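Asker: Below are the chains, spelled out letter by letter.
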Amino acid sequence: MSAAVRADGSAASIDLDLDLDQPAPRRHLHAVAQVRRRPRFAYALVAVAGALAIGAAQVVLSIATTQGVYEEAALQQQVRELGWQQQSLSDAVVGLSSPQYLAANAASLGMVINQSPTYLRLSDGAVLGSGEAAGWLSTVDAIGRGSVPNALVAQTPLVTAPDATIAGAPVAAEADPEAGVPGLPQPLADGLPTPTTR
Amino acid sequence: MTSTSERTPRRRSAVALMLVLAVLAAFVIRLVDIQVVNADEHRADSMNLGFASSRVLWGERGSIVDQNGAVLAGSTVLYDAELDPSLVAEIKRKGPDGEVVKVPWEDVAAEIGAITGQSPEEVQAIVANALAVNPEARWAQLKKGLDVDQYRALADLRVPFMFFTRHPDRSYPDGAVAGNLVGFVGAENTPQEGLELSMDSCLAASDGRERFERGNNGETIPGTVTTEPAVDGGTLQLTINRDLQWYLQQLIAEETQNMRALSGTVTVVEVETGKIRAAAEYPTVDPNNVDGAAPDDRGSRIFRHSFEPGSTFKAVTAASIMDGGSATPNSTVQAPSSHTFPNGARINDAVGHPLTNYTLTGALVDSSNVALSMFGDMVEPAVRHEYLERFGVGAPTAVGFLGEASGTLHPVEKWDNQTRYSTTFGQAFTVTAPQVAGAYQAIANGGLKMPIRLIESCTTPDGTVIEPELPEPQQILREDVANDTALMVENVMAQGQLQKALAIPGYRVAAKTGTAEVPAPGGGYKAGVYFTSLAGFAPADDPKYVVVVTLEEPTAIRSSAATAPAFQKAMTQVLKTYRVLPSSSETPLLPRYQ
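Protein sequences appear in the order of chains S and L. If you count by this note's numbering, then the first sequence holds residues 1 to 198, one letter each, in order. If you count by this note's numbering, then the second sequence holds residues 199 to 792, one letter each, in order.
Hints in this document: simulated from the structure, not taken from any laboratory. Honestly, I wouldn't trust all of these hints.
Said to hold, decoys possible - Away from chain L, derived, C-beta distances all over 12 angstroms, residues of chain S:
no., residue
1, Gly55
2, Ala57
3, Val60
4, Tyr70
5, Ala103
6, Ser108
7, Ile113
8, Gly144
Stated by the list, open to error - If you want a taste of the chain L side facing chain S, the calculated C-beta under 7 angstroms gives, among others:
no., residue
9, Arg209
10, Cys656
11, Glu751
Just so it is clear, the structure is predicted and the values come from calculations on it, not from any experiment. All C-beta atoms in this analysis are idealised placements derived from N, C-alpha and C, irrespective of residue type, glycine included.
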């Protein structure tokens, strides 16, 4: 309060000077001084609160970014591991999708490539082409004379003939008593498989 | 006037001032040197000091895929394991209850060997040998080319003196399928052959780098990361169909063996677009195992070997004389089986026959060299030369395959008396199999010659599709002349000797054989062996695909009949692969004699 009094006093001395020309402004000054006095405290509060808020926000942001960095590091590690996993899996199947592997598997099941194409036209049921059945022999011998090498599956036994590869050569197969009869599906152990429905 | 006593201090201060200024100037110069002249260098130094950690961001070399997107060449990663022999010792591990267990080096070596497939003795020997050479050795190669599973298993052993280098590798899932086209890469993915080399600008990747500061626990300090991103390679799509390519490679391998030939090729071109759907050959290379192929078999014979086409180009001669209006399919000449022309050139037919009134069609069906020479004389040699050029002889195809042969076509001024006639039946110039396919594509496509192509597009990582720049299609024949020629080639098949061998039930097929002599190493021609070929298209009533089969020096059957089984099976498979419907009409037969 004392500061306000001193301010009044100085204001009064200015008034004295101004009174020489204009007599009115004392009331005007007084009112301004009173209006100013109250907000100064409020401003200080706002400023301090603002500073605190900024500080708090900075701390929160900093914690959040640090946390984000840890999360990012963890996620990147996950990306790396998934990348390895993906590569490992694709390395495992690469070559198995090749046409020579598929054809050798099909041929060992006794499937043949038909020589004469025949089509059934759906609109009128007409048979187009020779209409002959496939012969006993395939047009190419995919397993007996496999001639398109693929080093990726050169040693991989065929799914349908575990003692042969795409080159038809016998592989050194280890006898596995639980594997069942070669070329036949695995024997059922737990009854018929049932689909899971939800 | 000032006295000496006054001047001396002034001079001193002046000298001092000068000294101060000189030193200041030196500082300023040095400052400018640091801040302006060498600023970049110092900034880089500070980056290296401050941003202590960095990581390579690996770019992945692009894939090569077929017509349907099946991968013919893809990227993978292999690892090399290395040891620091000077640090090799027992290692400490945490046991199941958290206590520290010491594992002796012998056991560690056994664990490592179990993963890398080496015996424990081998692993120990690597270290022992390195230390024997240099007792302070810091490096020894443990094993190269480990796959990702082995790498992870080794890393999980947490052996402090073992480290790894990663290097990109290439895998070819389909093995030798299209190996002659795709080519292969060497160490560190350096392209060496085929499209891998010629299309490297599309496929190559560039590695990036990420620089950052690390916190105590290895985490990246926020705001310190600078990244140069890696750029992956583009995806190269070919016009090849890999299933068809496999079938034809298997087929030509069997046929080459059956006919006891040196090599064989099958080329398939789509009539409407000029796209090569298969380019199979035997013997060929498995890019996964380049060393398994003889050096001569590692490239593409189809594009690099040129040969005298022989009779397959009689169809081109017929088209050339008909296009100017000099002849029709029914024009006739009277031809003996051997004839000496006014300029002294002597031409013989392969098979003896009495004097015959051949139509142009009949001359093609019986493949009479004499009759074709007589028909060829209906136009100037320069005209025939121009048509040979139009059909693509003497210039490489639009494919632009690495090392592609252009074939040889001598200028017409250099044609001698014999050449003037031998060019009418496909001799005295050379072509590649794709050039033959290109010529037949034009005949089958109403005279519109499409540029032959092998590359569909290159798709960059941002999705931009870049198609190769190709020359404009050219109308090299009048449409009716092309159709007449196609019908004549169909009659060659329907009325010729190979009709039974080439027939595909339900389809009209056009085909012409060719037998060329093979130059002998010492000059002249080899006796009794030929380079045989068969070119044709189907269905002849609405041609969709051109197939060209070649066999080099077959000996089981020495004539061009050797190529018939391969052509018949190849064409059948092409028609099945693309679900081409059977023909609904019969071949209209043209008269052969009059």
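Asker: If a hint holds in the structure, say so; if it does not, say that too.
Answerer: How the hints compare with the structure:
The Cβ of Gly55 (chain S) sits about 19 angstroms from the closest Cβ of chain L, beyond the 12 angstroms cut-off, so the non-interface label holds. Every Cβ of chain L is farther than 12 angstroms from the Cβ of Ala57 (chain S); the closest lies at roughly 16 angstroms, confirming the non-interface assignment. At roughly 14 angstroms from the closest C-beta of chain L, the C-beta of Val60 (chain S) stays outside 12 angstroms, upholding its exclusion from the interface. A cut-off of 12 angstroms between C-beta atoms contradicts the statement that Tyr70 (chain S) is not in contact with chain L; the least separation is 6 angstroms.
Listed as a non-interface residue, Ala103 (chain S) fails to keep its Cβ farther than 12 angstroms from every Cβ of chain L; the least gap is roughly 7 angstroms. Distance check for Ser108 (chain S) against chain L: the nearest CB is about 15 angstroms away, which clears 12 angstroms, and the non-interface claim stands. For Ile113 (chain S), the requirement that its beta carbon stay farther than 12 angstroms from each beta carbon of chain L is not met, with the minimum near 8 angstroms. The claim that Gly144 (chain S) is not at the interface with chain L is violated, since a C-beta of that chain comes within 12 angstroms of its own (minimum 10 angstroms).
With a least beta-carbon distance of about 59 angstroms to chain S, the hint placing Arg209 (chain L) at the interface is violated under the 7 angstroms criterion. At its closest, the beta carbon of Cys656 (chain L) sits 23 angstroms from a beta carbon of chain S; the interface hint therefore is violated under the 7 angstroms criterion. Here the hint on Glu751 (chain L) is broken, as its CB sits about 19 angstroms from the closest CB of chain S, past 7 angstroms.
Hint check: violations occur at hints 4, 5, 7, 8, 9, 10 and 11; the rest are consistent with the structure.
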